[in-house]
Amino acid sequence: MSGIPLNYFVFLSAILFTIGVVGVLTRRNAIIVFMCIELMLNSVNLSLVAFSAFHGNTRGQILVFFVMAVAAAEAAVGLAIIIALFRNKQTVNIDEINIMKW
Amino acid sequence: MLEQIIHSVNLLKPETTLAITFCVLLVVDLIVKKRGSETAWLALIGLAITGFFLMQEPAAGTNSIFFNMFAVDAFSIFFKFIILASTVMIVLFSLQSNELKTKRRALGEYYALLISLTLGMFLMTGASNLLMMYLSLELTSISSYILAGYTKDADDSSEASLKYVIYGAVSSGLMLYGISILYGLTGAIDIYGINKTLMMGDVNMVAVVIAGILIVAGFGYKISAAPFHFWTPDVYEGAPITITALLSVASKAAGFAMMIRFFKVSFLDPTVGNLSFGSWALFRGFEWNQILAMISVLTMTLGNLVAIWQDNLKRLLAYSSIAHAGYMLLGVVVLSNEGVAAVLIYFVVYFFMNLGAFYTVMLVANKTGSEDIKEYKGLGYRSPLVSVALTVFLLSLTGVPPTAGFVGKLYIFAALINAKWFWLAIAGALNSVVSLYYYVRVLRNMFLRPADPSAQPISFSVPQIVILLILVIPTILLGLYFGPLVEYAQASISMFGVH
Numbered sequence: 001m002s003g004i005p006l007n008y009f010v011f012l013s014a015i016l017f018t019i020g021v022v023g024v025l026t027r028r029n030a031i032i033v034f035m036c037i038e039l040m041l042n043s044v045n046l047s048l049v050a051f052s053a054f055h056g057n058t059r060g061q062i063l064v065f066f067v068m069a070v071a072a073a074e075a076a077v078g079l080a081i082i083i084a085l086f087r088n089k090q091t092v093n094i095d096e097i098n099i100m101k102w
Numbered sequence: 001m002l003e004q005i006i007h008s009v010n011l012l013k014p015e016t017t018l019a020i021t022f023c024v025l026l027v028v029d030l031i032v033k034k035r036g037s038e039t040a041w042l043a044l045i046g047l048a049i050t051g052f053f054l055m056q057e058p059a060a061g062t063n064s065i066f067f068n069m070f071a072v073d074a075f076s077i078f079f080k081f082i083i084l085a086s087t088v089m090i091v092l093f094s095l096q097s098n099e100l101k102t103k104r105r106a107l108g109e110y111y112a113l114l115i116s117l118t119l120g121m122f123l124m125t126g127a128s129n130l131l132m133m134y135l136s137l138e139l140t141s142i143s144s145y146i147l148a149g150y151t152k153d154a155d156d157s158s159e160a161s162l163k164y165v166i167y168g169a170v171s172s173g174l175m176l177y178g179i180s181i182l183y184g185l186t187g188a189i190d191i192y193g194i195n196k197t198l199m200m201g202d203v204n205m206v207a208v209v210i211a212g213i214l215i216v217a218g219f220g221y222k223i224s225a226a227p228f229h230f231w232t233p234d235v236y237e238g239a240p241i242t243i244t245a246l247l248s249v250a251s252k253a254a255g256f257a258m259m260i261r262f263f264k265v266s267f268l269d270p271t272v273g274n275l276s277f278g279s280w281a282l283f284r285g286f287e288w289n290q291i292l293a294m295i296s297v298l299t300m301t302l303g304n305l306v307a308i309w310q311d312n313l314k315r316l317l318a319y320s321s322i323a324h325a326g327y328m329l330l331g332v333v334v335l336s337n338e339g340v341a342a343v344l345i346y347f348v349v350y351f352f353m354n355l356g357a358f359y360t361v362m363l364v365a366n367k368t369g370s371e372d373i374k375e376y377k378g379l380g381y382r383s384p385l386v387s388v389a390l391t392v393f394l395l396s397l398t399g400v401p402p403t404a405g406f407v408g409k410l411y412i413f414a415a416l417i418n419a420k421w422f423w424l425a426i427a428g429a430l431n432s433v434v435s436l437y438y439y440v441r442v443l444r445n446m447f448l449r450p451a452d453p454s455a456q457p458i459s460f461s462v463p464q465i466v467i468l469l470i471l472v473i474p475t476i477l478l479g480l481y482f483g484p485l486v487e488y489a490q491a492s493i494s495m496f497g498v499h
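Which chain is which? The protein sequence lines are A and B, in order.
Position 10 of the first sequence, counting from 1, maps to 10 under the working numbering, and the rest follow consecutively.
Position 129 of the second sequence, counting from 1, maps to 129 under the working numbering, and the rest follow consecutively.
Since the hints were derived computationally from the structure, they do not count as laboratory data.
All clues given are correct.
In silico lysine to aspartate or glutamate, DMTMM-like type, Cα no more than 25 angstroms apart, as pairs:
| no. | chain 1 | residue 1 | chain 2 | residue 2 |
| --- | --- | --- | --- | --- |
| 1 | B | K152 | B | E99 |
| 2 | B | K152 | A | E96 |
| 3 | B | K152 | B | E38 |
| 4 | B | K377 | B | D452 |
| 5 | B | K420 | B | E287 |
| 6 | A | K89 | B | E99 |
| 7 | A | K89 | B | D372 |
| 8 | A | K89 | B | D153 |
| 9 | B | K152 | B | D372 |
| 10 | B | K101 | B | E371 |
| 11 | B | K152 | B | E109 |
| 12 | A | K89 | B | E371 |
| 13 | B | K374 | B | D311 |
| 14 | A | K89 | B | D156 |
| 15 | B | K152 | B | D311 |
| 16 | B | K196 | B | D269 |
| 17 | B | K367 | B | D311 |
| 18 | B | K152 | A | D95 |
| 19 | B | K101 | B | D372 |
| 20 | A | K89 | B | D155 |
| 21 | B | K420 | B | E487 |
| 22 | B | K367 | B | D153 |
| 23 | B | K13 | B | E109 |
| 24 | B | K374 | B | D452 |
All values reported here derive from a predicted model rather than from experimental measurement.
Starting from the given sequences, assemble the full structure and let the hints guide the process.
Below, the structure written as C-alpha cells:
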C-alpha cells in the first residue's frame, strides 16, 4: 500500500457494501438483485485484501480466492433457478413471485 | 508436516467416504439408463460406510486436524451422528415420495446432492477456521438451493428456491463482511488465533460487536432465528417435503454446532476461573448472551404466533420449527456446559418428533395430494395408525409429559433456572402453551370432525408402517427412559481447545 492509508480502503468497502445491501432491498428485478449481491461480496474482497496487506500475512488473500470461486458457483445456481422460474411464470420481477405469503 | 497430514487424513474418513459416494452416484447416474431406485440404495451403502467410520472416531479422542482447520471431537461427532441419521431417514422417505416421481426425473442427481449436502453439514460441525466455516456453509447452502427447487416444474418449488438463494446469498454476504472485520482486527482466521489476539486486549470493542452481530446473521439464517427467518416458511412450503424435513432437522443441527463452537472458542475468556461449575466467562464482560436471549424470545414468539393462522400443515410445521430454534437458542444463552448438553438432548428428541411429523404429512399427501389441514378431517377414522402417530409427534412437539419432547424442554428449562434466567424460562413456558393451541387444531380435525361421506379408509404398505414405528417408538420411549441419552449428551460436550 504505497501511501494510501488503510482507512480509505475500509470506507470504500463499507460504502460499496451499503450500496449492495440497499440494492438488494429496493430493486425488484431478480437479476439486478443478484448483481447487488455480487457487489456486497466484492466489497468484502476489497476489505479482505486491504487488511491482508495491512497485517502483512496472506490469510485474507486466500479467503478472497475462495470467496470469488464460491460466488461464481452461487451465481451459476442462482441464474439457473431464475431460468427455471421464468419458464413457469414468464417474469423475473420479485413482486410478482408471490404465491406464498405469511 | 507429513505426519500431521497423514494423521488428519485418517481422521477425515467419514467425510472422504461421502465425497467418494457423491462422485460414484454421479457416474452411476450417467451410465445406468434405467431410472430405478439403484442410486438410492447406492447412497444408503455410502452412508452406511460413513457411519462405520464415524463409529471408530470417538476412540481417537479430541483432535484438531489440517493445522486447526477442522476439529474432530466428541461434540462434532455427536452432531455428525444426528446429521447422518437424518440423511438415512430422508433417503428412505424419498424412496416412497410420490411428489418426486410425478415426472420421470433423474433422481440420481437428487441423491448425489443429498450426499453433498450431508458432506457440507459434516464439515460445518467441526469447522474451526473462518474460511472452513464459510466454505462448508456455502456447500450446504448451494446443495440445498438446488434441492429445494428440485421439482422445478412446480410453481411453488421454483419460487421457494429463488427466495432461498436470495436470502442465503445476502446472509452469507453479511457474514463474510463480519469475517473480514474480525480478520482486520485480529489478523487471524482460525478461531483459536482470534481468541488469543482478542485476549491480548487492545482491540476496538465496538468493531468486535459489529463483526459478531454480522456473523450471527449467517448462523441465524442457517438455524432460521427471528430476524433472518423470512425464507423458512416459503422454502419449507415449496420444497419437496423430504427436503423440508432434512432442512428442518439436519441443517439446523449443523448451524447450531457451528454457532456454539464459534462463540465458545473465540469469545471465551480462559483466564477467568470459576469454570468448575461448567459455565463460561466471556472476554471483557460483553454480554453476547443478552443479544442471543432477545433473538431467541423473538424467534419463538413469532414462530408460535404466526403458526396459529396457518392452514397448510407443512407451513405450520415450518413456523413450529422456527419456534423450536428459539427454544434451542435458550440452551446457548445460558453459556454453560449444562446448556449445551440440553441443546444436544433437544436435538436427538427433535430428530425423532420432527422427522416423524413430516413423514406422516408426506404419507397423507401421497394419498390425498394435499397438505391442507382441512384434508385431515376425519383422518382418525380413515387411518387410525397414522393419526395416532401424528398425535404422538404433535404432542411431543408441544412438550406434553409422557413424550420425548417434554424431556428436551425439561433440560433446557432446568439449565435456564440454574443460571437464574427466570424471565426467559417463563417466556419459554408461555410459548409452549401457545403452541398447544395450533397443534391441537390438527388433532381436533383428525378426531372430532367427521370425514367426507365419500372418503375411503386409507391403507399404507408394510415398509411405510415400519419406518413410522421406527420414529414413533423412540418418541414415546425417550420420554419414559432417558438416562442413557442424557449421559451420552453430557459426555459429548467436550470440544478441542476449550475445557
